[in-house]
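Colleague: Residue numbers (this note's numbering), protein chains in the order written: chain A, 6 to 376; chain B, 125 to 479.
Quick caveat, the hints were computed from the structure, so don't treat them as lab data. Owing to the predicted nature of the structure, the values given are computational and were not obtained by experimental measurement. Built from N, CA and C at the ideal position, the CB exists for glycine as well. Relax, there's no trap hidden among the hints.
Between beta-carbon pairs, the in silico distance windows are:
{"no.": "1", "chain 1": "A", "residue 1": "272", "chain 2": "B", "residue 2": "170", "range": "56 to 64 Å"}
{"no.": "2", "chain 1": "B", "residue 1": "202", "chain 2": "A", "residue 2": "247", "range": "54 to 62 Å"}
{"no.": "3", "chain 1": "A", "residue 1": "17", "chain 2": "B", "residue 2": "244", "range": "54 to 62 Å"}
{"no.": "4", "chain 1": "A", "residue 1": "11", "chain 2": "B", "residue 2": "170", "range": "50 to 58 Å"}
{"no.": "5", "chain 1": "A", "residue 1": "11", "chain 2": "B", "residue 2": "326", "range": "27 to 35 Å"}
{"no.": "6", "chain 1": "B", "residue 1": "295", "chain 2": "A", "residue 2": "105", "range": "51 to 59 Å"}
{"no.": "7", "chain 1": "B", "residue 1": "244", "chain 2": "A", "residue 2": "136", "range": "22 to 30 Å"}
{"no.": "8", "chain 1": "A", "residue 1": "331", "chain 2": "B", "residue 2": "276", "range": "54 to 62 Å"}
{"no.": "9", "chain 1": "B", "residue 1": "272", "chain 2": "A", "residue 2": "271", "range": "56 to 64 Å"}
{"no.": "10", "chain 1": "A", "residue 1": "167", "chain 2": "B", "residue 2": "202", "range": "28 to 36 Å"}
{"no.": "11", "chain 1": "A", "residue 1": "337", "chain 2": "B", "residue 2": "170", "range": "34 to 42 Å"}
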Amino acid sequence: MKYVDEFRDGDLIRKALDEIERLCEDGRQYRIMEVCGGHTHAIYRYGLQDLLPDAITLLHGPGCPVCILPMGRLDDGLELAERHGLTFTAFGDMMRVPGVNGSPLEYQARGVDVRMVYSPLDALKLARENPDLEVLFFAIGFETTSPSTALTLMQARAEGVENFSVMSNHVVLFPALKALLDGPDCRIDAFIGPGHVSTVVGCAPYAFIAEDYGRPVVVSGFEPLDLLQSVTMILRQMNAGEATVENQYTRAVTWDGNLAAQRAMDEVFVLRPHFEWRGMGSIPESAHGLAEAYRPWDAEAKFDAPAVEVAEPDEARCGDVLTGTIAPPECPLFGKECTPERPVGALMVSSEGACAAHFHYAHVEDLDILA
Amino acid sequence: MSATDGTPTDAASAPPVRFKDERIEMSHGAGGKATRRLVEGLIAPILHNPTLARLDDAAILDLGGPRVALTADSFVVSPLRFPGGSIGELAVHGTVNDLAVGGARPRALLCTLVVEAGTEGAVLRAELEALAEAARAAGVEVVGGDTKVVENGKADGLYVTTAGLGVVDDRLALDAGSVRAGDRVILSGPIGDHGITILLARGELDLEADLQSDTRPVWPFVDALAEAAGPGVRWMRDPTRGGVASALNELARETGLGVILEESAIPVRGPVRGACEILGLDPLHIANEGQFLAVVAADLAEAALGAIRSVPGGDEAAVVGEVVETPSRRVLTKASYGGTRVVDMLIGDPLPRIC
Chain A
6 MKYVDEFRDG DLIRKALDEI ERLCEDGRQY RIMEVCGGHT HAIYRYGLQD LLPDAITLLH
66 GPGCPVCILP MGRLDDGLEL AERHGLTFTA FGDMMRVPGV NGSPLEYQAR GVDVRMVYSP
126 LDALKLAREN PDLEVLFFAI GFETTSPSTA LTLMQARAEG VENFSVMSNH VVLFPALKAL
186 LDGPDCRIDA FIGPGHVSTV VGCAPYAFIA EDYGRPVVVS GFEPLDLLQS VTMILRQMNA
246 GEATVENQYT RAVTWDGNLA AQRAMDEVFV LRPHFEWRGM GSIPESAHGL AEAYRPWDAE
306 AKFDAPAVEV AEPDEARCGD VLTGTIAPPE CPLFGKECTP ERPVGALMVS SEGACAAHFH
366 YAHVEDLDIL A
Chain B
125 MSATDGTPTD AASAPPVRFK DERIEMSHGA GGKATRRLVE GLIAPILHNP TLARLDDAAI
185 LDLGGPRVAL TADSFVVSPL RFPGGSIGEL AVHGTVNDLA VGGARPRALL CTLVVEAGTE
245 GAVLRAELEA LAEAARAAGV EVVGGDTKVV ENGKADGLYV TTAGLGVVDD RLALDAGSVR
305 AGDRVILSGP IGDHGITILL ARGELDLEAD LQSDTRPVWP FVDALAEAAG PGVRWMRDPT
365 RGGVASALNE LARETGLGVI LEESAIPVRG PVRGACEILG LDPLHIANEG QFLAVVAADL
425 AEAALGAIRS VPGGDEAAVV GEVVETPSRR VLTKASYGGT RVVDMLIGDP LPRIC
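Full structure from sequences and hints, please.
Modeller: Okay, here's the thing in structure tokens:
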């Protein structure tokens, strides 16, 4: 398959690994965070961690939108749907995420109209074709998915579709990265920048990480060779004592990003003053609410949002995993109370969650933990 | 009864499964972990008897004469017709294939129809004709059955249940307990065609692909396999719901052994790979309706592969992996560059109502 097979070529991968081995300086440790959940998934799926030299540690960042969503937001959405008889629509990733009173699939089994959609436009289409339904789209995602929600809302407004609303949980990447870097025990030497988010926002906004915090950033694609090449670029920067923003994923990402998508986001969204991130606490201006002109389609304004305050399970260390402080198996619930089938935390649900990735694609030596 | 799930042959190989789920969800029908809980944790313990406890695809009955195999399967696929087949064909193939991988030549079917009031006569006629033609091609007769009609709005047009009777083939002695480290895993052809075809046929995704269901009877391949390598064939399964990953995980659980798959050896068509890449699915979890897995002793593996390939439609069969001592009770895939990953059973339900 074009654009896939050539980036998984066994010979090229072995050559890239040799190059990385050569670049590792004696006695030096390289702690690299891949921000994006898609990268986390790819790293596990292709077993890259096992192939890399011990000197390189990959830390899994907070780039899985399902994982960073506090449980209370999902409860709010599901409560709204149940109380007002709404049709709850969301991406497949959300379907098994546990809320206090169950996951969307468990609500569905109890009779709430829960449907999986592949795009917010599908949710709008459902509303348009079924005027008797009141459709709620439970929107999640970073700048990768925000533009499609924005365009959907622009279309709903243009067509005057009244039986459709969005509960926005869209988050913004850079405030979270800043919060990580400002953390008291930040152990990150460099970042593998998220490929999909960067197709929208471009590379320019990462400059503060290099300039203010002295950490290299390489925006990367998702295939094994992309990731290995990005590691190579980071090692070269670190060995030379440099910190700049580089773009490895040139076949998809430009320096300035997708300007039309940025305009759509600017039109539809405003930054919320604060937003709660699972495991990271409240981060200022880190999420998108709907602008005044889109209030009629804002589920939180249209219906009385219950704002469920939910305590996260005590022993679950989702937050520490999200910030790269611990690896998934170091959580006491990992593989025991918390499994992909019966997840306690969202990191165990989404294919992009570090815990689910670690569970599904466990290193062979970890297998006894999962037995 | 038919079940896609295996059961431990000795108590030490795996802990018993308990059903404590509050409600039935769609995932309980998807052929993965939830299905296993339902079948092994609820249905089998309540209906308990030694034949059922084996939870094989077909039950083998010793009635004094030739040994017979008995199985049943229900079909609730939506949509009823899809590229490469329809519910009528599926209802024959699903059941005769459960007999075939149980080592039995299919002989007769019973067919029960649950029809939604309002279904067009022409639709029912077309499905019966498809069923009859598939039965003829598979060498079985539909010798009886039942018909029920339910209210409009139920049963999605048509649900079909078929029960199948077969005669156990003496050339084969299938027994998961005879599987040994070093045995080879043979796959009869490309995987994922059926599941992805149905997914695309629903039209909920704006994806199109030149692809059709692989629904077909597998007995001709099993027949050739039995002739060429009969004593070396240890175990067979048709990887329907839950896919190859779930079937091999059941084998691993049942035997206490492990399986290592060579990722590059697994045949997957381009459109299936493409759809799986886009949708984040693993072809190893996608359902098939015309393929089977066989574990064959290493010294007979080449002969077995040659036999399957000699039957029309079997040319893409491949040795895809090997049974290993460690890691026990796990299925792994190995990539060409050396990376390995664990392949778990299907969790949840990526593709509801595929058969």
